[in-house]
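Peer 1: Please put together the full structure from these sequences, using the hints given.
Chains A and B are the protein sequences, given in the same order.
Mapping to the numbering used here: the first sequence position 23 is 23, numbers consecutive.
Mapping to the numbering used here: the second sequence position 93 is 93, numbers consecutive.
The reader is advised that the hints may include incorrect statements.
Simulated DEER-style distance windows between Cβ atoms [claimed, not checked]:
(1) A:Val32 with B:Pro130: 43 to 53 angstroms
(2) A:Ser90 with B:Arg56: 37 to 47 angstroms
(3) A:Gly105 with B:Asn30: 43 to 53 angstroms
(4) B:Ala105 with A:Asp130: 44 to 54 angstroms
(5) B:Lys52 with A:Glu153: 21 to 31 angstroms
(6) B:Asn30 with A:Ser60: 34 to 44 angstroms
(7) B:Glu88 with A:Ser150: 22 to 32 angstroms
(8) B:Ser49 with A:Asp80: 46 to 56 angstroms
(9) A:Val32 with B:Asp61: 42 to 52 angstroms
(10) B:Arg110 with A:Asp24: 44 to 54 angstroms
(11) B:Arg110 with A:Asp69: 18 to 28 angstroms
No lab work stands behind these hints: they were computed from the structure.
For glycine and all other residues, C-beta sits at the position ideal for the given N, C-alpha and C.
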Amino acid sequence: MTSRFLAVFLVASGAVLVAESEFDHVVKEIEVHYHTKRTHIPFLGLANLVVKVARPAGTSEFKLAIFEDLKAIDEGDEQDLDRFMRGISSSRLRPLVREHSRRDGESVYIYADNDDMRATRMLIATFQRDQATVVEVKVDMNALIKWIGSPEEASRFFNSHHDDGR
Amino acid sequence: MRIASLLIAAGMLPCFMQDVTAQEIKLPANLDKLAAKAEESVDVTLDGSMLKMAARFLSGDDPDIAKVRRIVAKLEGVYVRSYQFAEEGEYSRADVESVRSQLQAPAWGRIVGVRSRREGGDVDVFLKLPGNGTLGGAVVIVAEPRQLTFVNVVGTIDPDDITSLSGQFHIPRLRNGSSHHDRDKEDQ
Numbered sequence: 001m002t003s004r005f006l007a008v009f010l011v012a013s014g015a016v017l018v019a020e021s022e023f024d025h026v027v028k029e030i031e032v033h034y035h036t037k038r039t040h041i042p043f044l045g046l047a048n049l050v051v052k053v054a055r056p057a058g059t060s061e062f063k064l065a066i067f068e069d070l071k072a073i074d075e076g077d078e079q080d081l082d083r084f085m086r087g088i089s090s091s092r093l094r095p096l097v098r099e100h101s102r103r104d105g106e107s108v109y110i111y112a113d114n115d116d117m118r119a120t121r122m123l124i125a126t127f128q129r130d131q132a133t134v135v136e137v138k139v140d141m142n143a144l145i146k147w148i149g150s151p152e153e154a155s156r157f158f159n160s161h162h163d164d165g166r
Numbered sequence: 001m002r003i004a005s006l007l008i009a010a011g012m013l014p015c016f017m018q019d020v021t022a023q024e025i026k027l028p029a030n031l032d033k034l035a036a037k038a039e040e041s042v043d044v045t046l047d048g049s050m051l052k053m054a055a056r057f058l059s060g061d062d063p064d065i066a067k068v069r070r071i072v073a074k075l076e077g078v079y080v081r082s083y084q085f086a087e088e089g090e091y092s093r094a095d096v097e098s099v100r101s102q103l104q105a106p107a108w109g110r111i112v113g114v115r116s117r118r119e120g121g122d123v124d125v126f127l128k129l130p131g132n133g134t135l136g137g138a139v140v141i142v143a144e145p146r147q148l149t150f151v152n153v154v155g156t157i158d159p160d161d162i163t164s165l166s167g168q169f170h171i172p173r174l175r176n177g178s179s180h181h182d183r184d185k186e187d188q
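Peer 2: What follows is the structure, encoded as structure tokens:
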């Protein structure tokens, strides 16, 4: 009986670890691929607090990583970026939206966690000319559907919380 | 003429009631080359499990949300590819035909075809009738001089639902038988 409980506990713990590692996985892959390190963000906790308290549009649990001086990203090289992002997708991260804008020099990728739950984790990776941001935020389904329809707005929305927090 | 009325009327036509083979439409991978030329490109992929999850957990009293929830519960996939170009002539007729040719199968019928003489834009709506009397999917192709959009909706869908879904998931807004960019179009 004890071993059964232990097995259940280990499986549950593993699931939690996997669920929590998707953001870190993407961040690490970007660091390795672009030979960079995420930028330290002062007051990130404040941005998280804004999301927690205000809970805009059904969001909570906010994580953000920013990368600067990504010289490896060539303008107009979206296909390489697509290949890279496809490569770092995992079975738990479901690609929902990919948007490229040459006009704004921006590419936005939206993924959702594979969990069959009321709130899902949404991961937004935004690449601009020389910088990238990765945001993971827990959203309800209404918010997710809204962001799917306007990925560039999602990117700007969550990055603005970072800017506010600086 | 409202697109929904056209679709309902067309859906009742007996010529589409014949026994036909179901066929899934694939948005060709080579459409990716258009993304390389496009000023803006969007690729939306919502599979059945995501849509079912959306149907379960979309909430609220907003009638539009309720309608979307009801519609997506019956769907198995929504796939959108949209390309906006800086100049005209960046995509070819063959790019459009690569999708349109798949819709020549007997399961599919073109229900709406709108051509704009002034602006040179086309809007086509195809419906799939697998033979059991229900509609098994829809494909919308919006081909404008500087914009090309393919929408593939897989699953049971009523003609009215297509207009209800327009504006969601990057599906172009359809009204009065045309996309929202269009003016003064002429039905063919």
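Peer 1: Each hint needs a verdict: does it hold in this structure or not?
Peer 2: Hints, verified against the model:
1. A:Val32 with B:Pro130: 43 to 53 angstroms: 47 angstroms, holds
2. A:Ser90 with B:Arg56: 37 to 47 angstroms: For Arg56 (chain B) against Ser90 (chain A), whose Cβ atoms are near 23 angstroms apart, the range 37 to 47 angstroms is violated.
3. A:Gly105 with B:Asn30: 43 to 53 angstroms: 25 angstroms, violated
4. B:Ala105 with A:Asp130: 44 to 54 angstroms: Cβ of Ala105 (chain B) to Cβ of Asp130 (chain A): about 48 angstroms, so the range 44 to 54 angstroms holds.
5. B:Lys52 with A:Glu153: 21 to 31 angstroms: 25 angstroms, holds
6. B:Asn30 with A:Ser60: 34 to 44 angstroms: 41 angstroms, holds
7. B:Glu88 with A:Ser150: 22 to 32 angstroms: With a Cβ separation near 26 angstroms, Glu88 (chain B) and Ser150 (chain A) satisfy 22 to 32 angstroms, so the hint holds.
8. B:Ser49 with A:Asp80: 46 to 56 angstroms: 29 angstroms, violated
9. A:Val32 with B:Asp61: 42 to 52 angstroms: 47 angstroms, holds
10. B:Arg110 with A:Asp24: 44 to 54 angstroms: Between Arg110 (chain B) and Asp24 (chain A), where Cβ atoms are some 49 angstroms apart, the hint holds.
11. B:Arg110 with A:Asp69: 18 to 28 angstroms: Check failed, 51 angstroms falls outside 18 to 28 angstroms.
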